[in-house]
Amino acid sequence: MRHALFALVAAMFCAHCARGADFFVTTAGNDANPGTSAAQPVRTVSRALQLAAAGDTIYVGAGTYQELLRPAASGTSTQPIRLIGDTTGQRTGMAGTITISHWTTPTVRLQNVNWISIQDIIISGSSTPLELSSARNITLTGVTIQESSGVGVTLASSTLTMSGGTVRTSSSHGITVGASSTLTASGLTIRDLSGDGVRLTAVTAGADLDACTIRSIGGAAVQVSSGFAAVTNTIIRDLNLAATLTSAQAVLRFTNNVVSGCSNGISMSQGTLWAHNNIFTGVSNALARTAGTATHSHNLYHSVSTRYSGLSAGTGDLTSDPRFVNTESFRLQSNSPAINAGTFVFGVRLTDRDGLQRPTTSTPDIGLYEVGGTSPTGSGVSLTIERWSEIEPR
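The sequence shown stops at residue 394 when you use my numbering, and every number in between is there.
These are calculated hints, taken from the structure and not from any lab test. Note that the coordinates shown come from a computational prediction; the quantities given were computed from them, not determined experimentally. The reader is advised that the hints may include incorrect statements.
[Stated by the list, open to error] Restraint ranges, calculated between C-beta atoms of paired labels, are given here:
1) Q40 - D192: 38 to 48 Å
2) D354 - T27: 34 to 44 Å
3) G261 - S77: 36 to 46 Å
4) R323 - N240: 43 to 53 Å
Just so you know, even glycine gets a beta-carbon here, dropped at the ideal spot from N, CA and C.
Sequences are here, hints too, so could you generate the full structure?
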């Protein structure tokens, strides 16, 4: 048993050792340097990307880098290429924000590449800061997309996962998801746009938004012209329209969200809608249907001028004050009527906005949070090694 355990740990250790090389970029660097140490960094992110291969990590020091990024190398599922903003300065010795910007569009183009991860970097541009074309398994963590006169992020035949971060300050749409593309976002903030937050434009387009915040934009938080979108645990506030479906190929599953201070909630002229366990508060028109199929129930409407248009009341709907703790987090007070008042139907996410288990009883709460929720039970095995001598064979 001791030898088997040693073999397992040794394999894990060797896999870690094979992670790849580290490269360093700073504004004081020189592209003639090898870039393999903080003492000899390269000057541009582009040069580091030319040097990097699968499994390599690029650390970028604080500053603004006026350049276009066009990576050609791909990572793999076990060895992605990682581009990390060294905001703490622990790796490069230069702490602060990292911005990549250019007046040519797009600032960053990921085309025909796979398994690339970008973290803690600001990407800005005069038109489209980030464009994905035939790019698969791309991950953004804590990335800000800003200052765009066009669409912030475009996807064509691509898959993108966004964790945290912000898409902001655009005179057009935030994210456009085109044909054969999928957007998966959690904890993302979309704000200060003239157009729509997330826009799906093809029947093969998909978007899954969880625990996001979409606010202060001129269009719809989510526009489904065609394709499938799932929106859950998300705050949508202070805008014109929460969601809209505009074709027979448009599908939206909308569960456990809060829509606040909007002129309109969900508007559908065609398509298929499921809406459950949502709170609409301070909304003029909550649900409006002119055509298409809508299934809705167990929603709470508070200070809503018109709850339904083209629809009848839903089972389990409430019209009382949700009793929020405040209108920033939209957490429920312990005496809220929304507690245990939802429904557990297909599409209801098993975790709430905090990542806690849903439901805690036989029925979930209406809204973002499961009051009294607990951390999901894990089924994996965790192994911590403090001293190699404890497992070393004798």
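Hint by hint, here is what the structure shows:
no. : hint                    : result
1   : Q40 - D192: 38 to 48 Å  : holds, 40 Å
2   : D354 - T27: 34 to 44 Å  : holds, 39 Å
3   : G261 - S77: 36 to 46 Å  : holds, 42 Å
4   : R323 - N240: 43 to 53 Å : violated, 27 Å
Violated hint: 4 only; the structure is consistent with all others.
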